[in-house]
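S.K.: Listed below are the residues making up each chain.
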Amino acid sequence: MSVLPASIAQRELLEFGQRRRALLIKMAFPLIVGVPLLTSAAPPFYAAMALTMLITIIGALGTAAVLSRERATGLQLRYRLLPRRHGAVILERVAAAAAIDLTQLSLILLLLAARHPGAAAWWPALLLAAVGTVLFANVVGAIASTFTTAPGEVMLYVLLPLLPAFFLSGVFTPLTSPLPRALSTVLPMTYLHEGLLGALQGAPHLSIPVVAAGGMATIAASLLAAFLAGRRVLTA
Amino acid sequence: MAQAALATSATAPVSARALSRIYRSRRGCFEVDLDVSTGEVLGLMGVNGSGKTTLLSVLATAEPLTSGEVSWFGERAAPGPALRRRLGVVGDAPLHFDELTGEQNAYFFARQYGLERAEATARLEELLAWCGLLDSRDLPVGEYSLGMRRRLSIIEALLHRPDLILMDEPTLGLDHLGAADLAARLRAEAERGAALVLSTNDAALAERVCDRVLFMHQGRVVSEEEVGRAPLARLFRRATGTALSGARA
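Here the protein sequences come in this chain order: A and B. Numbering of the first sequence is given in the working numbering, commencing with residue 1 and proceeding in unit increments. Numbering of the second sequence is given in the working numbering, commencing with residue 1001 and proceeding in unit increments.
Because the hints were derived from the structure by calculation, they are not lab data. Misleading hints may appear alongside valid ones.
DEER-style ranges, computed between Cβ atoms [stated by the list, open to error]:
1) B:Arg-1187 x A:Met-155: 18 to 26 angstroms
2) A:Arg-69 x B:Thr-1011: 37 to 45 angstroms
3) A:Leu-24 x B:Thr-1121: 28 to 36 angstroms
4) A:Leu-228 x B:His-1176: 25 to 33 angstroms
5) B:Gly-1049 x A:Arg-69: 21 to 29 angstroms
6) B:Arg-1192 x A:Arg-20: 38 to 46 angstroms
7) A:Ser-7 x B:Arg-1024: 31 to 39 angstroms
Covered stretches of chain B, as calculated for chain A (at least 3 residues, CB under 8 angstroms) [to be verified]:
8) 1013 to 1023
9) 1053 to 1063
The beta-carbon is built from N, C-alpha and C at its ideal position, and this holds for glycine as well.
Working from the sequences, and respecting the hints, build out all of it.
M.R.: Shown next, in the form of structure tokens:
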């Protein structure tokens, strides 16, 4: 007797669990980038930069590739015909995909905590910022999938908005001009990067409450964006 | 004129007036009028590219209209979850989550269409047995043959006892026994009170199941016939100018 999925989230998690080889690769992938960064003497600013990019791109690419493949094969039609609001369908899918991404990233976050126990005060804020960024990245991936005609195109459409967003979040270099600094306040990666800097015992510019508030605002905004994007994602 | 006509079929499971769905290639379906009553089975027949699948897609709410009007159960509002819950759709390609088993796929759709756990399980048991998929219920769908996938799609469309059933080439990939079982089942669904629209070029199925047939050619309905008045293969050739593949004229 197999486990029977009743909801979209259960179906996604079940499928994730049943694909053993993919599961193994998915769990190992962040470690390949993260372990050398966290076990070496990499400067916190650059370690935070690499981890911010890793976390964001994992979230965006995974969802974009899955949705793009479903568009190409026609499977998306099955979702479109479900007796549910399109926004609710995409919201649930994004939330489930983000949960899987966070599971994938959990080993890196645990390693980070183990290596820098003195920065424990940052962990709750970092976790909120990570959840927010992963949700945001999944929404970006879902929207990016609507521009693609094949899964091979997702890299382009995902990186096109994300690369300037990384720059404007102060991930590559600290922001000094007023306009980029103002823009950075609405970009989730700002809070993730700052949270990572704090947890890596670097020199963050934002305080713990600001990073936590930014993370929470990102979670709320991303969930709303997922709901609003539902129709476009399922019918484009 | 169109509004008046729609008003007369206010309670019909599906009615369309001057329905057009036109793609960028200028193909699609054009100016289609149809009414399907409760308990009626309407067939759509025509050569490949005649617009049957496009018409079914619009009726299934999968595609928007380019122009014209469609009403479902007397409602002309934009299709939403309440309407989709009353539809059972089998598309031209049987699409599933290949990593999951047949039972997991069907159970997922049963629950999404509002069946409670006990009802979903009981209904699934009944339909898997009817379809001959009980023994392969625990196999991943990726290992299913085309016919098994098709049967699973049919199960998924019927699980929630829909009021309007829309099927695109439902016998494609089925063996003779499977097609005969399906015909009997579809008649039973009509007797239960469901309305059915079937796109098919299987004259045997259409003659066993359909009450009326619309013949389509180049996106338009060119003829409408009651089933039983003459062999469908002959009517098909007269309406479309093409012989029905594999049929006796």
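S.K.: Would you mind marking each hint as holding or not holding in the structure?
M.R.: Hints, verified against the model:
no. : hint                                       : in the structure
1   : B:Arg-1187 x A:Met-155: 18 to 26 angstroms : 51 angstroms, violated
2   : A:Arg-69 x B:Thr-1011: 37 to 45 angstroms  : 41 angstroms, holds
3   : A:Leu-24 x B:Thr-1121: 28 to 36 angstroms  : 33 angstroms, holds
4   : A:Leu-228 x B:His-1176: 25 to 33 angstroms : 50 angstroms, violated
5   : B:Gly-1049 x A:Arg-69: 21 to 29 angstroms  : 27 angstroms, holds
6   : B:Arg-1192 x A:Arg-20: 38 to 46 angstroms  : 43 angstroms, holds
7   : A:Ser-7 x B:Arg-1024: 31 to 39 angstroms   : 37 angstroms, holds
8   : 1013 to 1023                               : violated (count 0)
9   : 1053 to 1063                               : holds (count 3)
Comparing the model with each numbered hint stated earlier shows that hints 1, 4, 8 do not hold.
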